[in-house]
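Going letter by letter, the sequence shown gives residues 1 to 231 in our numbering.
Honestly, the hints are just simulated from the structure, not real lab data.
Be aware that one or more of the hints could be misleading.
Here are the computed distance ranges between Cβ atoms for each label pair [said to hold, decoys possible]:
| hint | residue 1 | residue 2 | range |
| --- | --- | --- | --- |
| 1 | Gln-54 | Asn-12 | 21 to 27 angstroms |
| 2 | Ala-79 | Phe-161 | 29 to 35 angstroms |
| 3 | Asp-221 | Tyr-125 | 28 to 34 angstroms |
| 4 | Glu-83 | Gly-11 | 43 to 49 angstroms |
| 5 | Asn-160 | Ile-106 | 29 to 35 angstroms |
| 6 | Val-222 | Gly-53 | 22 to 28 angstroms |
| 7 | Asn-156 | Tyr-125 | 19 to 25 angstroms |
Heads up, simulated DSSO-like pairs for lysine-lysine below, C-alpha to C-alpha not over 27 angstroms straight-line [as the list claims (entries may be wrong)]:
| hint | residue 1 | residue 2 |
| --- | --- | --- |
| 8 | Lys-103 | Lys-51 |
| 9 | Lys-173 | Lys-195 |
| 10 | Lys-22 | Lys-173 |
| 11 | Lys-211 | Lys-224 |
| 12 | Lys-191 | Lys-207 |
| 13 | Lys-224 | Lys-22 |
| 14 | Lys-103 | Lys-123 |
| 15 | Lys-191 | Lys-173 |
| 16 | Lys-195 | Lys-123 |
| 17 | Lys-51 | Lys-22 |
| 18 | Lys-61 | Lys-191 |
| 19 | Lys-207 | Lys-51 |
| 20 | Lys-22 | Lys-195 |
| 21 | Lys-207 | Lys-123 |
| 22 | Lys-103 | Lys-195 |
| 23 | Lys-195 | Lys-224 |
| 24 | Lys-224 | Lys-61 |
| 25 | Lys-211 | Lys-195 |
| 26 | Lys-123 | Lys-224 |
| 27 | Lys-211 | Lys-51 |
| 28 | Lys-123 | Lys-22 |
| 29 | Lys-22 | Lys-191 |
| 30 | Lys-103 | Lys-207 |
| 31 | Lys-51 | Lys-123 |
| 32 | Lys-61 | Lys-207 |
| 33 | Lys-211 | Lys-61 |
| 34 | Lys-123 | Lys-211 |
| 35 | Lys-224 | Lys-103 |
| 36 | Lys-61 | Lys-103 |
| 37 | Lys-22 | Lys-207 |
For glycine and all other residues, C-beta sits at the position ideal for the given N, C-alpha and C.
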Amino acid sequence: MSHTDYTDSSGNDYLHVSAISKVADDPTGLIKWAKKLTEKEADDIYEKRTKEGQEIHSALKDFLFSVNVPDVSLVSRYAPYCEIADHWAQVTDVTFDEDLSEKSIIDHELRITATPDFVAERKGYGVGVGDWKTGSNFYHSQIIQVVGYAYLLGRNKSLNFPLEWVTIVRFDKLKASSEKTFIKELKRTRKFYLKDCAIAIEERQEKITPKLIDIFLHCYDVVKFRKEIIL
C-alpha cells in the first residue's frame with residue numbers, strides 16, 4: 001500500500017493511518033517469507049490477496065451499508081463473508097452507524113487520512129471502531145490502525161459521543177476433516193461460526209486507552225522522522 005492516498009490542492013501529501021500503524025510491527029517475518037520466493041512470485045501473491053481483500057471489503061460495504069442496489073455479482077461471489085459478518089453483528093449486539101462507516105476522514109492539521117471499515121454501537125460497551133481483515137493472523141499494528149481511526153474521529157468536534165473500543169474482525173477460511181472436529185476447534189478458538197458457511201470470524205477487541213493513543217502518535221512521529229513523506 002502507498003504511504004499516501006490523498007494530496008491537497010497545494011500538493012501536500014497526506015499519510016494514511018494504515019501506513020503509520022505498520023511501524024508497530026516487526027517486519028522480519030514478512031521479509032523472511034518474501035526471501036523464499038522470487039520477486040515475481042511475491043508480487044503475484046501480494047496482488048492476488050490485495051485484490052481479493054478489496055473485493056471482500058466492497059462486498060461487505062454493499063451488503064451491510066449500501067442504500068442503493070448493491071453489486072449483486074460481488075455480494076454473491078463473497079456471500080459467505082457477508083453472511084458471517086451479519087451473523088457476528090447479531091450475536092454480539094453490534095449496530096452499525098451507516099453515517100460514519102466506510103466514510104473517509106481527512107485531518108488537515110495532522111495531514112492524515114483514514115477510512116474506518118465500520119463504526120458501531122455494541123450493547124454494554126458503547127460506541128467503537130472496527131476493521132475487517134482477511135489475513136491469516138492478527139498483528140499489533142492492526143489494533144494501532146483502528147486506534148488511529150478512533151483518534152481522528154475523536155478530533156472531530158461534531159462527534160457528540162465518546163468512542164470506547166476498537167476491534168479487529170478477521171475472516172478465516174474453514175478447513176476441517178469432520179464437523180465434530182471443526183466444532184471442537186471453534187470452541188477452543190472462540191470463533192464465530194454459522195452452519196454451512198465456509199467462513200468463520202475471529203475477533204480481537206480492545207478498550208481505547210491513553211497508552212494505545214500514545215503508541216499511535218509515536219508511530220506517527222516515527223514515520224515523519226523517517227521522512228517517508230514530506231510534511
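Hint by hint, here is what the structure shows:
Distance hint for Gln-54 and Asn-12: a CB-CB separation of about 26 angstroms, consistent with the stated range 21 to 27 angstroms. At about 33 angstroms, the beta-carbon gap between Ala-79 and Phe-161 stays in the expected band of 29 to 35 angstroms. Our hint of 28 to 34 angstroms for Asp-221 and Tyr-125 holds, since their Cβ atoms are close to 30 angstroms apart. Look at Glu-83 against Gly-11: about 45 angstroms separates their beta carbons, and that is inside 43 to 49 angstroms.
Here the CB-CB span from Asn-160 to Ile-106 is close to 20 angstroms, at odds with the stated 29 to 35 angstroms. In this structure the supplied range 22 to 28 angstroms holds for Val-222 paired with Gly-53, their Cβ-Cβ distance being about 25 angstroms. A hinted range of 19 to 25 angstroms holds for the C-beta pair Asn-156 and Tyr-125, which are about 21 angstroms apart. A hinted pair counts as satisfied when its Cα atoms are at most 27 angstroms apart, and Lys-103 with Lys-51 qualifies at roughly 20 angstroms.
For the given pair, Lys-173 sits about 13 angstroms from Lys-195 by alpha-carbon distance, which is consistent with the 27 angstroms threshold. For the suggested pair Lys-22 and Lys-173, the alpha carbons sit about 24 angstroms apart, so the restraint of at most 27 angstroms is met. Distance hint between Lys-211 and Lys-224 is fulfilled; the C-alpha atoms sit about 20 angstroms from each other, no more than 27 angstroms. With a C-alpha separation of about 20 angstroms, the suggested pair Lys-191 and Lys-207 falls inside the 27 angstroms cut-off, and the hint holds.
Restraint check: the Cα-Cα separation between Lys-224 and Lys-22 comes to about 13 angstroms, which is no more than 27 angstroms; the hinted pair holds. With a C-alpha separation of about 23 angstroms, the suggested pair Lys-103 and Lys-123 falls inside the 27 angstroms cut-off, and the hint holds. Taking the CA atoms of Lys-191 and Lys-173, the gap is about 11 angstroms. The hint holds against a cut of 27 angstroms. Among the hinted pairs, Lys-195 with Lys-123 is consistent with the structure: their alpha-carbon atoms are about 25 angstroms apart, no more than 27 angstroms.
In summary, the hint linking Lys-51 to Lys-22 is supported, as the alpha carbons are separated by about 20 angstroms, within the 27 angstroms threshold. Distance restraint check for Lys-61 and Lys-191: the Cα-Cα separation of roughly 22 angstroms lies within the 27 angstroms cut-off, and the hinted pair is therefore satisfied. For the suggested pair Lys-207 and Lys-51, the alpha carbons sit about 31 angstroms apart, so the restraint of at most 27 angstroms is broken. Note on Lys-22 and Lys-195: the hinted pairing is violated, with a Cα-Cα distance of about 35 angstroms set against a maximum of 27 angstroms.
At most 27 angstroms may separate the alpha-carbon atoms for a hinted pair to count; Lys-207 and Lys-123 meet this at roughly 14 angstroms. Our distance criterion of 27 angstroms between C-alpha atoms is broken by Lys-103 and Lys-195, whose separation comes to about 32 angstroms. Taking the CA atoms of Lys-195 and Lys-224, the gap is near 47 angstroms; set against the 27 angstroms cutoff, the hint is violated. For the hint pairing Lys-224 with Lys-61, the CA-to-CA distance comes to about 32 angstroms; that exceeds 27 angstroms, so the pair is violated.
For the suggested pair Lys-211 and Lys-195, the alpha carbons sit about 39 angstroms apart, so the restraint of at most 27 angstroms is broken. Taking the CA atoms of Lys-123 and Lys-224, the gap is near 38 angstroms; set against the 27 angstroms cutoff, the hint is violated. Taken as a hint, the Lys-211 and Lys-51 pair is broken in the structure, with Cα atoms around 34 angstroms apart against an allowance of 27 angstroms. Distance restraint check for Lys-123 and Lys-22: the Cα-Cα separation of roughly 31 angstroms exceeds the 27 angstroms cut-off, and the hinted pair is therefore not satisfied.
Annotation: proposed proximity of Lys-22 to Lys-191 holds, straight-line Cα distance about 25 angstroms (limit 27 angstroms). Between Lys-103 and Lys-207, the direct Cα distance comes to roughly 22 angstroms. Compliance with the 27 angstroms bound is thereby established for this hinted pair. At most 27 angstroms may separate the alpha-carbon atoms for a hinted pair to count; Lys-51 and Lys-123 exceed this at roughly 34 angstroms. For the hint pairing Lys-61 with Lys-207, the CA-to-CA distance comes to about 25 angstroms; that is within 27 angstroms, so the pair holds.
Between Lys-211 and Lys-61, the direct Cα distance comes to roughly 31 angstroms. Violation of the 27 angstroms bound is thereby established for this hinted pair. Taking the CA atoms of Lys-123 and Lys-211, the gap is about 24 angstroms. The hint holds against a cut of 27 angstroms. Simply put, Lys-224 and Lys-103 have alpha-carbon atoms about 25 angstroms apart, close enough for the 27 angstroms limit, and the pair holds. With a CA separation close to 11 angstroms, the supplied pair Lys-61 and Lys-103 stays within the 27 angstroms bound.
For the hint pairing Lys-22 with Lys-207, the CA-to-CA distance comes to about 20 angstroms; that is within 27 angstroms, so the pair holds.
Checked against the numbered hints given earlier, the structure breaks hints 5, 19, 20, 22, 23, 24, 25, 26, 27, 28, 31, 33 and satisfies all the rest.
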